[in-house]
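A.B. asks: Given the coordinates of chain A, assemble chain B onto it according to the supplied hints.
Protein chains in written order, with the numbering used here: chain A, 1 to 257; chain B, 1001 to 1305.
Since the hints were made in silico from the structure, they are not lab data.
As the structure is a computational prediction, the values presented were derived from the model and not from experiment.
Hints may contain errors.
As the list claims (entries may be wrong) - Think about it this way: if two alpha-carbon atoms lie no more than 20 Å apart in a straight line, the pair counts; the simulated DMTMM-like pairs of lysine to aspartate or glutamate are: (1) B/Lys1130 / B/Glu1150; (2) A/Lys99 / B/Glu1096; (3) B/Lys1171 / B/Glu1033; (4) B/Lys1136 / B/Glu1096; (5) A/Lys21 / B/Asp1095; (6) B/Lys1136 / B/Asp1162; (7) B/Lys1136 / B/Glu1122; (8) B/Lys1171 / B/Glu1150; (9) B/Lys1171 / B/Glu1121; (10) B/Lys1171 / B/Asp1148; (11) B/Lys1171 / B/Glu1122; (12) A/Lys99 / B/Asp1095; (13) B/Lys1171 / B/Glu1113; (14) A/Lys99 / B/Glu1033; (15) A/Lys99 / B/Asp1148; (16) B/Lys1136 / A/Glu92; (17) A/Lys21 / B/Glu1150; (18) B/Lys1130 / B/Asp1095; (19) A/Lys99 / B/Glu1121; (20) A/Lys99 / B/Glu1122; (21) A/Lys99 / B/Asp1069.
Claimed, not checked - Now the in silico label distances, taken between C-beta atoms and shown as ranges: (22) A/Arg11 / B/Val1040: 37 to 45 Å; (23) B/Arg1057 / A/Phe40: 37 to 45 Å; (24) A/Ala244 / B/Gly1129: 35 to 43 Å; (25) B/Val1289 / A/Gly94: 24 to 32 Å; (26) A/Phe40 / B/Asn1011: 55 to 63 Å; (27) B/Asp1067 / A/Leu209: 24 to 32 Å; (28) A/His229 / B/Leu1111: 52 to 60 Å; (29) A/Gly143 / B/Asp1067: 57 to 65 Å; (30) A/Leu130 / B/Met1087: 33 to 41 Å; (31) B/Gly1129 / A/Met43: 26 to 34 Å; (32) A/Met43 / B/Met1087: 27 to 35 Å; (33) B/Asn1011 / A/Phe188: 42 to 50 Å; (34) A/Leu17 / B/Arg1057: 29 to 37 Å; (35) A/Gly174 / B/Arg1298: 40 to 48 Å.
Just so you know, even glycine gets a beta-carbon here, dropped at the ideal spot from N, CA and C.
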Amino acid sequence: MDTALRMSSARVAHAWLTEAKYEFLRLLRTPSFALPTILFPSMFYILFGVLLNDGSRHGYGVAAHLLASYSAFGVMAPGLFGFGVVVAMEREHGLLTLKRALPMPPGAYLLAKMLMAMLFAAIVVMLLMLLAATLGHVRMPPGNWIALLITAVLGVLPFCAIGLFIGTRVGAQGAPAVVNLIYLPMSFLSGLWIPLQFLPRFLQQIAPLWPAYHLGQIALSASGQDGDHRTALHAAVLAGFSLAFFALAQRGLRRAG
Amino acid sequence: MTGSTVAQLENAVKRYGAVTALDGVDLHVHRGELLALLGVNGAGKTTAVSLLLGLQRPDGGRARLFDLDPQSLAARRRVGVMLQDAMLQAVLRVDELIRLTSSYYPQPLSLQEVARRAGIEELLPRHYGKLSGGQKRRVQFALAICADPEILFLDEPTVGLDHGARTAMWKSLRELVARGCSIVLTTHYLEEAEALADRVAVLSRGRIVAEGSVDEIRAHVAQRRIRCISELNLEMLRGWPGVTQARRDGERLEVAGDEIEAVLRRMLAADPNLRELEVRRAGLAEAFVEITTDAEARTQRKEAA
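One chain only, chain A, in its complex shape (with noise of 0.2 Å):
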């Protein structure tokens, strides 16, 4: 084949690195998307771990607490609206399509958009640490704060396999909602808000069932606190969320297009 029509490996790093900037300079242009997903954990922190928490009898418990269910929290919001709603109005504008007749390298679609996700998801967490820092007093060892840092930007992923297979099912109009629909139920019923042991019995027993519960309990563990520390069968189970959702997810993009 004609030499001037291959491309280096340097270049199609080159185009996977510009399509992920590009990702991620968009998202930051769209108050809709950066604000909330951004402020809103953090403004919960504020309030319920700092502002509501009197500090007398386990209010350091309950501010490192806070901090590692709102991370876990604060991480679905990217991936499932960065991927959820912008694949659908992707999908639905025809800009899928315009670049599937591009020659954009294979996977630099979703690798662009899972590095965007990572990026906000390190944003939200590196924030809320310092919201528990200074405001919460928060100390922990340095090697939880990094823990929890990376439970943060891996734990984004699973929720990009389901933002992906909503986005690639849903219409522009209803993604939002529907996003909205699983994210804030799911928050609710894994013990992000509420810790777990206060909600009914019930809703105790099905909590594992979501993939939140998981990534709460995983950041519990990473944060040194009253997780029960079976991170690794936690991961197993994202890791099998995010591998069947994005399977999933392939067959709805390849009808699609």
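C.D. replies: For chain B alone, coordinates are given in the frame of chain A:
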């Protein structure tokens, strides 16, 4: 495939459920030619283009680009595309959109060169979402030519453009063809096909019902038309040999026929006051209407039988 063919459909069939969108279409696009695909909505133009672009697989027959699978990256790297209803990322600036699209190609043109060729230098720092419809089309055109493609697919490229912008785009298209680029253009502006196309293919109900140069398509309609201001009686004119059609449009009379010289001589003799005489050959528009109506009538007869 001959050496000069860059894209082709071979007996291509595409069905959507019970609807047959393409029903055995053979189409060749040669190097350095502008092929216009004409047809009413639903005739199969967009389906033909999506098969050539590899966006869809034919149910029967095959589609080839540069003798490659149209879905292969190697084929797509030589192609530029402007789709009809693709909404680009509104919050990105025009220069960012060009950089992004250029990054997919091994050897794109420079940003400045793309902007110059598409005539959008002044739009580069603007956000895409803030542009007018016509400006957006020009940006989409810039993305289509950002890697100096060997073949360009343009789906209704001048919809929404004002007169000046349309003329400018026609000029760019002629320059591209002069440099050896092949262009496949779908349009429902017949004057666009008439002004640009080396070859025209007319689609109707998923079949190619006419193919050839603009002159050849025009020749499908042997008729010529007389327009003039005259008091002659329509019923009488319709009875004359050689007249196939006669109608009145205000004070103007329009007569169509095969042996128009004889008809004209008789009209001049019959009405000494006849004035503002005009005789012309059918344009592509008339040819197009006639070809598609014929094709549809044939299909309906076939279905009835």
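A.B. asks: Each hint: holds or not?
C.D. replies: Hint by hint, here is what the structure shows:
no., hint, verdict
1, B/Lys1130 / B/Glu1150, "31 Å, violated"
2, A/Lys99 / B/Glu1096, "16 Å, holds"
3, B/Lys1171 / B/Glu1033, "15 Å, holds"
4, B/Lys1136 / B/Glu1096, "14 Å, holds"
5, A/Lys21 / B/Asp1095, "14 Å, holds"
6, B/Lys1136 / B/Asp1162, "12 Å, holds"
7, B/Lys1136 / B/Glu1122, "13 Å, holds"
8, B/Lys1171 / B/Glu1150, "18 Å, holds"
9, B/Lys1171 / B/Glu1121, "17 Å, holds"
10, B/Lys1171 / B/Asp1148, "16 Å, holds"
11, B/Lys1171 / B/Glu1122, "19 Å, holds"
12, A/Lys99 / B/Asp1095, "18 Å, holds"
13, B/Lys1171 / B/Glu1113, "16 Å, holds"
14, A/Lys99 / B/Glu1033, "25 Å, violated"
15, A/Lys99 / B/Asp1148, "18 Å, holds"
16, B/Lys1136 / A/Glu92, "18 Å, holds"
17, A/Lys21 / B/Glu1150, "29 Å, violated"
18, B/Lys1130 / B/Asp1095, "14 Å, holds"
19, A/Lys99 / B/Glu1121, "24 Å, violated"
20, A/Lys99 / B/Glu1122, "26 Å, violated"
21, A/Lys99 / B/Asp1069, "17 Å, holds"
22, A/Arg11 / B/Val1040: 37 to 45 Å, "43 Å, holds"
23, B/Arg1057 / A/Phe40: 37 to 45 Å, "44 Å, holds"
24, A/Ala244 / B/Gly1129: 35 to 43 Å, "36 Å, holds"
25, B/Val1289 / A/Gly94: 24 to 32 Å, "30 Å, holds"
26, A/Phe40 / B/Asn1011: 55 to 63 Å, "57 Å, holds"
27, B/Asp1067 / A/Leu209: 24 to 32 Å, "53 Å, violated"
28, A/His229 / B/Leu1111: 52 to 60 Å, "54 Å, holds"
29, A/Gly143 / B/Asp1067: 57 to 65 Å, "59 Å, holds"
30, A/Leu130 / B/Met1087: 33 to 41 Å, "37 Å, holds"
31, B/Gly1129 / A/Met43: 26 to 34 Å, "28 Å, holds"
32, A/Met43 / B/Met1087: 27 to 35 Å, "32 Å, holds"
33, B/Asn1011 / A/Phe188: 42 to 50 Å, "58 Å, violated"
34, A/Leu17 / B/Arg1057: 29 to 37 Å, "31 Å, holds"
35, A/Gly174 / B/Arg1298: 40 to 48 Å, "44 Å, holds"
Violated hints, in rising order: 1, 14, 17, 19, 20, 27, 33; the structure is consistent with all others.
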